[in-house]
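Given only the sequences and the hints, what does the whole structure look like? Please build it.
Spelled out from the first residue to the last, the chains are:
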Amino acid sequence: AQSVTQPDIHITVSEGASLELRCNYSYGATPYLFWYVQSPGQGLQLLLKYFSGDTLVQGIKGFEAEFKRSQSSFNLRKPSVHWSDAAEYFCAVGADKTGGSYIPTFGRGTSLIVHP
Amino acid sequence: ETGVTQTPRHLVMGMTNKKSLKCEQHLGHNAMYWYKQSAKKPLELMFVYSLEERVENNSVPSRFSPECPNSSHLFLHLHTLQPEDSALYLCASSQDASGGASSYNEQFFGPGTRLTVL
Chain A
85 AQSVTQPDIH
95 ITVSEGASLE
105 LRCNYSYGAT
115 PYLFWYVQSP
125 GQGLQLLLKY
135 FSGDTLVQGI
145 KGFEAEFKRS
155 QSSFNLRKPS
165 VHWSDAAEYF
175 CAVGADKTGG
185 SYIPTFGRGT
195 SLIVHP
Chain B
14 ETGVTQTPRH
24 LVMGMTNKKS
34 LKCEQHLGHN
44 AMYWYKQSAK
54 KPLELMFVYS
64 LEERVENNSV
74 PSRFSPECPN
84 SSHLFLHLHT
94 LQPEDSALYL
104 CASSQDASGG
114 ASSYNEQFFG
124 PGTRLTVL
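These protein sequence lines are chains A and B, in that order.
Residue numbers for the first sequence, in the working numbering: 85 to 200.
Residue numbers for the second sequence, in the working numbering: 14 to 131.
Note that these hints are calculated values from the structure, not bench results.
Ideal Cβ positions, reconstructed from N, Cα and C, are used throughout, including at glycine.
Please note that the accuracy of each hint is not assured.
In silico DMTMM-like cross-links for lysine to aspartate or glutamate, where the CA-CA straight-line distance does not exceed 20 Å [claimed, not checked]: (1) K145(A) with E119(B); (2) K35(B) with E66(B); (3) K32(B) with E97(B); (4) K31(B) with E119(B); (5) K152(A) with E104(A); (6) K49(B) with E172(A); (7) K53(B) with D92(A); (8) K54(B) with D92(A); (9) K32(B) with E119(B); (10) K54(B) with E172(A); (11) K53(B) with E172(A); (12) K133(A) with E119(B); (13) K35(B) with E65(B).
Facing chain B, according to a computed beta carbon distance under 8 Å, are these residues of chain A, among others [claimed, not checked]: (14) G125; (15) Q126; (16) G127; (17) I187.
Here it is, written out as structure tokens:
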């Protein structure tokens, strides 16, 4: 079975500072990996995904994530945070197949707080 | 309307009421999902419909009853709920592979229905 851990419940950064949100997964092989963002009152939006190939993945809104097999990690980064980035961030791993596709398992989420 | 829509956005109901949540996707997808999102808990997959057939229900209590009349619409019928069922219920859709091919396709989420059970 697959699982994903987001060790930080809350992260507080100042606007303009760099950001790194941690994600660790558990799975025997290389899974599909995702980062989603959820703004207040909204559903989840996909930021980026990793399937194979280049381990540094670029996403929307200036985010990137790096897959490190040796550490079973897929951390999300952004060089300069904007106040509008304040939201809940979810890491997900998709490796267990249901029907025709891989249904993701989500982490508990990390709440990002941005100070002006 | 575009993307995935959900109605109502907010719902308050008593434990003896019967209500339904509605989800509609305008993306031409062939798979739809119900998730439950409780505070400080991981997102819980409740039901999966692929090509209008239910393929996953994850041992959800029978007081939750899904219905998928066509590939664009998904309902969640609620009856005799408990206060612990209060949560944000999210609907999602994706274009899944058929015929046994394996793939991952991005899920598109609706804004959710905030349910409060009194």
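Here is how each hint holds up against the structure:
With a C-alpha separation of about 17 Å, the suggested pair K145(A) and E119(B) falls inside the 20 Å cut-off, and the hint holds. Simply put, K35(B) and E66(B) have alpha-carbon atoms about 17 Å apart, close enough for the 20 Å limit, and the pair holds. Our distance criterion of 20 Å between C-alpha atoms is met by K32(B) and E97(B), whose separation comes to about 16 Å. This hinted pair does not check out: K31(B) and E119(B) have alpha carbons roughly 32 Å apart, beyond 20 Å.
Between K152(A) and E104(A), the direct Cα distance comes to roughly 14 Å. Compliance with the 20 Å bound is thereby established for this hinted pair. Taking the CA atoms of K49(B) and E172(A), the gap is about 16 Å. The hint holds against a cut of 20 Å. Among the hinted pairs, K53(B) with D92(A) is consistent with the structure: their alpha-carbon atoms are about 12 Å apart, no more than 20 Å. Between K54(B) and D92(A) the CA atoms are separated by roughly 13 Å; this keeps the pair inside 20 Å, and the hint holds.
Under the criterion of a C-alpha separation no larger than 20 Å, the hint pairing K32(B) with E119(B) is inconsistent with the structure, at around 29 Å. As the CA atoms of K54(B) and E172(A) are separated by approximately 12 Å, the hinted pair is consistent with the 20 Å bound. Between K53(B) and E172(A), the direct Cα distance comes to roughly 11 Å. Compliance with the 20 Å bound is thereby established for this hinted pair. Distance hint between K133(A) and E119(B) is fulfilled; the C-alpha atoms sit about 9 Å from each other, no more than 20 Å.
Annotation: proposed proximity of K35(B) to E65(B) holds, straight-line Cα distance about 15 Å (limit 20 Å). Among the interface hints, the one on G125(A) holds; its C-beta lies about 7 Å from the nearest C-beta in chain B, closer than the 8 Å criterion. At a threshold of 8 Å, the smallest CB-CB gap from Q126(A) to chain B is about 5 Å, leaving the interface hint in force. The beta carbon of G127(A) is positioned within 8 Å of a beta carbon in chain B (closest approach about 3 Å), and the interface hint is therefore held.
Below 8 Å, beta-carbon pairs count as interface contacts, and I187(A) has one with chain B at about 6 Å; its hint therefore holds.
In this structure, the hints that do not hold are numbers 4, 9, in rising order.
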